[in-house]
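J.: Quick note, our numbering runs 2 ahead of the 1-based positions in the sequence shown.
These are computed hints drawn from the structure, not numbers from a lab. None of these values were measured; they are calculated from a predicted model. Where hints are given, some of them may not hold.
To be verified - SDA-like, lysine to any residue: derived pairs with alpha carbons at most 20 Å apart:
no. : residue 1 : residue 2
1   : 39        : 3
2   : 39        : 73
3   : 39        : 75
4   : 49        : 73
5   : 49        : 28
6   : 39        : 55
7   : 49        : 76
8   : 39        : 68
9   : 49        : 7
10  : 49        : 67
11  : 49        : 70
12  : 39        : 72
13  : 39        : 58
14  : 39        : 74
15  : 49        : 74
16  : 49        : 68
17  : 49        : 6
18  : 39        : 29
19  : 39        : 69
20  : 39        : 71
21  : 39        : 8
22  : 39        : 49
23  : 49        : 16
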Amino acid sequence: MRNLVRDLRMQRGWSQGELGERLGVSRQAVNAIEVGKHDPSLELTFKLAYLFNLPVEEIFHPPFTAEDIRHDQRD
(Lines of atoms letter the chains of each structure in order from A and count residues from 1; the text may use other names and numbers.)
(Lines give C-alpha, C1' and ligand atoms only; values in the text may rest on other atoms or scores of the structure.)
Protein backbone atom coordinates (compact mmCIF):
# COMPACT_ATOMS: atom_id res chain seq x y z
CA MET A 1 0.00 0.00 0.00
CA ARG A 2 1.34 3.43 -0.87
CA ASN A 3 2.10 5.58 2.15
CA LEU A 4 3.83 8.70 3.41
CA VAL A 5 5.69 7.06 6.28
CA ARG A 6 9.15 7.78 4.85
CA ASP A 7 8.32 11.44 4.15
CA LEU A 8 6.78 11.93 7.60
CA ARG A 9 9.73 10.23 9.29
CA MET A 10 12.25 12.33 7.40
CA GLN A 11 10.37 15.57 8.16
CA ARG A 12 10.96 14.81 11.82
CA GLY A 13 14.62 13.95 11.29
CA TRP A 14 14.23 10.39 12.54
CA SER A 15 16.15 7.41 11.25
CA GLN A 16 14.31 4.19 10.45
CA GLY A 17 15.77 2.78 13.66
CA GLU A 18 14.44 5.67 15.73
CA LEU A 19 10.97 5.32 14.27
CA GLY A 20 11.13 1.58 14.88
CA GLU A 21 12.02 2.16 18.54
CA ARG A 22 9.08 4.53 18.96
CA LEU A 23 6.76 1.94 17.41
CA GLY A 24 8.28 -1.14 19.02
CA VAL A 25 9.35 -2.71 15.72
CA SER A 26 12.66 -3.27 13.95
CA ARG A 27 14.35 -0.93 11.50
CA GLN A 28 13.77 -3.61 8.87
CA ALA A 29 10.02 -3.55 9.56
CA VAL A 30 9.96 0.23 9.11
CA ASN A 31 11.85 -0.12 5.83
CA ALA A 32 9.43 -2.78 4.58
CA ILE A 33 6.46 -0.52 5.35
CA GLU A 34 8.08 2.50 3.71
CA VAL A 35 8.82 0.70 0.45
CA GLY A 36 5.43 -1.04 0.36
CA LYS A 37 6.71 -4.59 0.85
CA HIS A 38 4.68 -4.99 4.03
CA ASP A 39 1.36 -3.51 5.12
CA PRO A 40 1.37 -2.74 8.84
CA SER A 41 -1.06 -4.40 11.21
CA LEU A 42 -4.10 -2.40 12.27
CA GLU A 43 -2.48 -1.77 15.64
CA LEU A 44 0.72 -0.49 14.05
CA THR A 45 -1.28 1.64 11.62
CA PHE A 46 -2.98 3.38 14.54
CA LYS A 47 0.36 3.82 16.32
CA LEU A 48 1.73 5.55 13.23
CA ALA A 49 -1.31 7.80 13.00
CA TYR A 50 -0.99 8.72 16.68
CA LEU A 51 2.75 9.28 16.43
CA PHE A 52 2.45 11.52 13.37
CA ASN A 53 -0.77 13.14 14.69
CA LEU A 54 -2.57 12.46 11.41
CA PRO A 55 -5.62 10.46 10.37
CA VAL A 56 -4.79 7.03 8.96
CA GLU A 57 -6.16 7.99 5.54
CA GLU A 58 -3.64 10.83 5.26
CA ILE A 59 -0.73 8.42 5.79
CA PHE A 60 -1.88 5.41 3.78
CA HIS A 61 -3.35 5.33 0.30
CA PRO A 62 -5.08 2.15 -0.84
CA PRO A 63 -4.19 0.69 -4.24
CA PHE A 64 -7.77 1.27 -5.43
CA THR A 65 -10.16 4.17 -5.82
CA ALA A 66 -13.80 4.68 -4.91
CA GLU A 67 -14.57 4.33 -8.62
CA ASP A 68 -12.92 0.88 -8.65
CA ILE A 69 -15.24 -0.21 -5.83
CA ARG A 70 -18.34 1.17 -7.54
CA HIS A 71 -17.35 -0.59 -10.77
CA ASP A 72 -16.84 -3.91 -8.95
CA GLN A 73 -20.25 -3.60 -7.29
CA ARG A 74 -21.93 -3.21 -10.69
CA ASP A 75 -20.33 -6.38 -12.10
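J.: Would you pick out the hints that fail for this structure and give their numbers low to high?
T.: 2, 3, 4, 6, 7, 8, 10, 11, 12, 14, 15, 16, 19 and 20
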